[in-house]
Structure formats: structure tokens, C-alpha cells
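Trainee: Going by the UniProt record's numbering, the residue at position 71 of the sequence shown is 71; the numbering climbs one at a time, nothing skipped.
Any given hint could be a false lead.
DSS-like mimics (lysine-lysine), calculated; alpha carbons at most 25 Å apart, straight line [what the hints assert, rightly or not]:
{"no.": "1", "residue 1": "39", "residue 2": "8"}
{"no.": "2", "residue 1": "49", "residue 2": "8"}
{"no.": "3", "residue 1": "23", "residue 2": "8"}
{"no.": "4", "residue 1": "61", "residue 2": "49"}
{"no.": "5", "residue 1": "55", "residue 2": "8"}
{"no.": "6", "residue 1": "49", "residue 2": "91"}
{"no.": "7", "residue 1": "69", "residue 2": "49"}
{"no.": "8", "residue 1": "39", "residue 2": "23"}
{"no.": "9", "residue 1": "39", "residue 2": "69"}
{"no.": "10", "residue 1": "39", "residue 2": "49"}
{"no.": "11", "residue 1": "23", "residue 2": "69"}
{"no.": "12", "residue 1": "23", "residue 2": "49"}
{"no.": "13", "residue 1": "106", "residue 2": "69"}
{"no.": "14", "residue 1": "39", "residue 2": "3"}
{"no.": "15", "residue 1": "55", "residue 2": "97"}
{"no.": "16", "residue 1": "39", "residue 2": "106"}
{"no.": "17", "residue 1": "3", "residue 2": "23"}
{"no.": "18", "residue 1": "49", "residue 2": "6"}
{"no.": "19", "residue 1": "6", "residue 2": "55"}
Hints were generated in silico from the structure; no laboratory data involved.
All values derive from a computational prediction rather than experimental measurement.
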Amino acid sequence: MSKVIKSKIVLNVELDENRVPEKLNWSAQDGGVNNEEAKAVMLSVWDSKAQETLKIDLWTKDMPVDEMKLFFHQTLVTMSDSFFRATQDQKMTDTMKDFCDYFAEKLELKKQ
1 MSKVIKSKIV LNVELDENRV PEKLNWSAQD GGVNNEEAKA VMLSVWDSKA QETLKIDLWT
61 KDMPVDEMKL FFHQTLVTMS DSFFRATQDQ KMTDTMKDFC DYFAEKLELK KQ
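Using the sequences provided together with the hints, build the complete structure.
Mentor: So, in C-alpha cells, the structure goes:
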């Protein structure tokens with residue numbers, strides 16, 4: 001019988017009186033991360049029974065818009081990489097990458 005290994009990722013959110021995030025910190029002991037500050041978090045969890053994605057999208061009120069644009073672009077690129085690892089569907093991955101390039105171009109994130 002193999003040994004069960006558990007790992008924990010902790011997100012701490014400080015809210016203002018209107019429940020708007022002011023501070024985000026996270027820890028992942030296995031990854032060597034201890035109470036590091038973040039400006040934004042996107043978490044997706046698949047509910048197999050309901051066949052739906054549960055989402056938590058948070059960002060601090062001082063998250064700059066230019067950084068949010070980069071965050072979204074990098075998230076989209078990473079999602080296309082994850083999609084390929086999960087499905088091995090090269091054609092759709094290439095299509096997703098094309099969209100990422102288009103997204104970056106329209107937001108002027110890359111030099112042409």
C-alpha cells in the first residue's frame with residue numbers, strides 16, 4: 001500500500017468594510033511559498049457531479065490595470081499549455097495560442 005501524501009495551498013484575503021479585497025497572501029509549503037503577497041488570484045475547481053466549473057476571481061483594489069492585462073494574457077497562455085497537456089489536441093491548442101497572440105496585440109502587450 002502506498003503512502004498518502006497531502007499538500008495544502010492557503011489563500012488569505014483581507015477585505016475592507018465593503019468586502020473588497022485589500023490584501024491577498026498565499027502559502028504553499030511544498031512549493032517553498034510562505035505568506036507571499038499577490039495582487040490577483042484566479043481559482044477554478046471542476047465539480048464533476050454538477051458538470052460545472054466553480055470559480056473564485058479576486059484582485060486587490062490597488063491592482064494596476066496594466067498588470068491586470070498582463071495577468072489575463074499570461075493566464076490565457078498557461079491555460080492553452082494546460083489544455084494541450086490534458087488533451088494532446090494540438091489543433092485546438094494552436095487556435096488558443098493564436099487567440100493569445102491576438103489578445104496581446106489588441107492590448108499592445110507585444111511589440112509588432
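Trainee: All hints, please: hold or fail.
Mentor: Each hint tested on the structure:
For the proposed pair residue 39 and residue 8, the alpha carbon gap of about 20 Å is at most 25 Å, so the pair holds. Distance check on the hinted pair: residue 49 and residue 8 sit about 23 Å apart at the alpha-carbon level, within 25 Å; holds. Between residue 23 and residue 8 the CA atoms are separated by roughly 20 Å; this keeps the pair inside 25 Å, and the hint holds. Note on residue 61 and residue 49: the hinted pairing is violated, with a Cα-Cα distance of about 34 Å set against a maximum of 25 Å.
Taking the CA atoms of residue 55 and residue 8, the gap is near 18 Å; set against the 25 Å cutoff, the hint holds. Proximity of residue 49 to residue 91 is assessed by CA-CA distance (about 29 Å); at most 25 Å being required, the pair is judged violated. Distance hint between residue 69 and residue 49 is unfulfilled; the C-alpha atoms sit about 33 Å from each other, more than 25 Å. Taking the CA atoms of residue 39 and residue 23, the gap is near 7 Å; set against the 25 Å cutoff, the hint holds.
For the hint pairing residue 39 with residue 69, the CA-to-CA distance comes to about 13 Å; that is within 25 Å, so the pair holds. With a C-alpha separation of about 32 Å, the suggested pair residue 39 and residue 49 falls outside the 25 Å cut-off, and the hint is violated. Between the alpha carbons of residue 23 and residue 69 the distance comes to roughly 19 Å, so the proposed pair stays at or under 25 Å and holds. For the proposed pair residue 23 and residue 49, the alpha carbon gap of about 33 Å is over 25 Å, so the pair is violated.
With a C-alpha separation of about 11 Å, the suggested pair residue 106 and residue 69 falls inside the 25 Å cut-off, and the hint holds. With a C-alpha separation of about 36 Å, the suggested pairing of residue 39 with residue 3 is violated against the 25 Å cut-off. Distance hint between residue 55 and residue 97 is fulfilled; the C-alpha atoms sit about 23 Å from each other, no more than 25 Å. A hinted pair counts as satisfied when its Cα atoms are at most 25 Å apart, and residue 39 with residue 106 qualifies at roughly 23 Å.
Annotation: proposed proximity of residue 3 to residue 23 is violated, straight-line Cα distance about 37 Å (limit 25 Å). Proximity of residue 49 to residue 6 is assessed by CA-CA distance (about 23 Å); at most 25 Å being required, the pair is judged to hold. Taking the CA atoms of residue 6 and residue 55, the gap is near 23 Å; set against the 25 Å cutoff, the hint holds.
When each numbered hint is compared with the structure, violations occur for hints 4, 6, 7, 10, 12, 14 and 17.
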